[in-house]
Structure formats: structure tokens, C-alpha cells
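Enquirer: Sequence:
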Amino acid sequence: MSTTILIVLTAIIALAIGVVLGFFIARKYMMNYLKKNPPINEQMLRTMMMQMGQKPSQKKINQMMRAMNNQQGK
Numbered sequence: 001m002s003t004t005i006l007i008v009l010t011a012i013i014a015l016a017i018g019v020v021l022g023f024f025i026a027r028k029y030m031m032n033y034l035k036k037n038p039p040i041n042e043q044m045l046r047t048m049m050m051q052m053g054q055k056p057s058q059k060k061i062n063q064m065m066r067a068m069n070n071q072q073g074k
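Note that the working numbering gives residue 20 to position 20 of the sequence shown, counting from 1, and the numbers run on in steps of one.
Among the hints, a few may not be true.
Lysine to any residue pairs mimicking SDA-like chemistry, simulated, CA-CA at most 25 Å apart [unchecked claim]:
#  : residue 1 : residue 2
1  : LYS28     : ILE17
2  : LYS35     : GLY22
3  : LYS35     : LYS59
4  : LYS36     : ASN70
5  : LYS55     : PRO38
6  : LYS59     : ASN41
7  : LYS36     : ALA26
8  : LYS55     : ASN69
9  : LYS35     : LEU21
10 : LYS28     : ARG46
11 : LYS60     : LYS28
12 : LYS55     : MET44
13 : LYS60     : THR47
14 : LYS28     : PRO38
15 : LYS60     : PRO39
16 : LYS55     : LYS36
17 : LYS35     : GLY53
18 : LYS55     : MET65
19 : LYS36     : LYS59
20 : LYS35     : GLN51
21 : LYS36     : MET49
22 : LYS35     : GLN71
23 : LYS36     : GLN71
24 : LYS36     : GLN51
25 : LYS36     : PHE24
26 : LYS28     : LEU15
27 : LYS35     : MET68
28 : LYS60     : ASN70
29 : LYS35     : ARG46
30 : LYS60     : GLN43
By construction, these hints were calculated from the structure, which means they are not laboratory data. Just so we're clear, the structure is a prediction, and the values are computed from it rather than from any experiment.
Use the sequences and the hints to build the structure in full.
Expert: If you want it as C-alpha cells, here you go:
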């Protein structure tokens, strides 16, 4: 009886440690990923449009940012 309880407690403790460790590893990974690949902002969008030969107006940039935010929300 006591060995069964010991096994169950060990499994629960190992699961809890795994969840906590997994959270911190995933958090560290996402922070590094966002540092290397920042999300697109208005300045980056303006630069990309100018490189493609378009003259970006603020209205067009706002429209594209809204479209990108809607796409990410889905």
C-alpha cells in the first residue's frame, strides 16, 4: 500500500516539475525568437513598400497594419 502511494506521489511531483520546467523553457525560447524576429511595425512596412517601388501613404500603411493584425488574430 505504501509503495503505491510513493509511486503516485513521485509521478505527481515529476509531472509538476516537468510543467514548471517546460513553461520556463518555452518562455525563454519565445523571448529569443521575438528578439531575433521582431513583429512587423509601421516603419518596416513603409520601408518594404518603398523597396517595392510604391509610395506609401499613411492610410495605406494603416490599412495594411490592420489587415495583418486581423490575420494574426485568426
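Enquirer: Look at each hint and say if it fits the structure.
Expert: Status of the hints after comparison with the structure:
1. Straight-line distance between C-alpha atoms of LYS28 and ILE17 comes to about 17 Å, which keeps the hinted pair within the 25 Å bound.
2. For the given pair, LYS35 sits about 20 Å from GLY22 by alpha-carbon distance, which is consistent with the 25 Å threshold.
3. For the proposed pair LYS35 and LYS59, the alpha carbon gap of about 28 Å is over 25 Å, so the pair is violated.
4. Only pairs whose Cα atoms come within 25 Å are accepted, and LYS36 paired with ASN70 is accepted, the gap being roughly 23 Å.
5. Under the criterion of a C-alpha separation no larger than 25 Å, the hint pairing LYS55 with PRO38 is consistent with the structure, at around 24 Å.
6. Distance hint between LYS59 and ASN41 is fulfilled; the C-alpha atoms sit about 15 Å from each other, no more than 25 Å.
7. Taking the CA atoms of LYS36 and ALA26, the gap is about 15 Å. The hint holds against a cut of 25 Å.
8. Taken as a hint, the LYS55 and ASN69 pair is honoured in the structure, with Cα atoms around 22 Å apart against an allowance of 25 Å.
9. At roughly 21 Å between alpha-carbon atoms, LYS35 and LEU21 fall within 25 Å of each other, so this suggested pair holds.
10. For the given pair, LYS28 sits about 30 Å from ARG46 by alpha-carbon distance, which is inconsistent with the 25 Å threshold.
11. Straight-line distance between C-alpha atoms of LYS60 and LYS28 comes to about 35 Å, which puts the hinted pair past the 25 Å bound.
12. Distance hint between LYS55 and MET44 is fulfilled; the C-alpha atoms sit about 14 Å from each other, no more than 25 Å.
13. For the given pair, LYS60 sits about 13 Å from THR47 by alpha-carbon distance, which is consistent with the 25 Å threshold.
14. For the suggested pair LYS28 and PRO38, the alpha carbons sit about 15 Å apart, so the restraint of at most 25 Å is met.
15. Distance check on the hinted pair: LYS60 and PRO39 sit about 18 Å apart at the alpha-carbon level, within 25 Å; holds.
16. Taken as a hint, the LYS55 and LYS36 pair is broken in the structure, with Cα atoms around 28 Å apart against an allowance of 25 Å.
17. Distance hint between LYS35 and GLY53 is unfulfilled; the C-alpha atoms sit about 29 Å from each other, more than 25 Å.
18. Note on LYS55 and MET65: the hinted pairing holds, with a Cα-Cα distance of about 16 Å set against a maximum of 25 Å.
19. Distance restraint check for LYS36 and LYS59: the Cα-Cα separation of roughly 29 Å exceeds the 25 Å cut-off, and the hinted pair is therefore not satisfied.
20. Between the alpha carbons of LYS35 and GLN51 the distance comes to roughly 24 Å, so the proposed pair stays at or under 25 Å and holds.
21. Among the hinted pairs, LYS36 with MET49 is consistent with the structure: their alpha-carbon atoms are about 22 Å apart, no more than 25 Å.
22. At most 25 Å may separate the alpha-carbon atoms for a hinted pair to count; LYS35 and GLN71 meet this at roughly 21 Å.
23. The straight-line distance between the Cα atoms of LYS36 and GLN71 is roughly 21 Å, inside the 25 Å bound, and the hint therefore holds.
24. With a CA separation close to 22 Å, the supplied pair LYS36 and GLN51 stays within the 25 Å bound.
25. With a C-alpha separation of about 18 Å, the suggested pairing of LYS36 with PHE24 holds against the 25 Å cut-off.
26. At roughly 20 Å between alpha-carbon atoms, LYS28 and LEU15 fall within 25 Å of each other, so this suggested pair holds.
27. Note on LYS35 and MET68: the hinted pairing holds, with a Cα-Cα distance of about 20 Å set against a maximum of 25 Å.
28. Proximity of LYS60 to ASN70 is assessed by CA-CA distance (about 15 Å); at most 25 Å being required, the pair is judged to hold.
29. Restraint check for LYS35 and ARG46: satisfied, since their Cα atoms lie roughly 21 Å apart, inside the 25 Å limit.
30. Using a Cα cut-off of 25 Å, the hinted pair LYS60 and GLN43 holds, with the two alpha carbons roughly 13 Å apart.
Hints 3, 10, 11, 16, 17, 19 from the list above are not met by this structure, while the remaining hints are.
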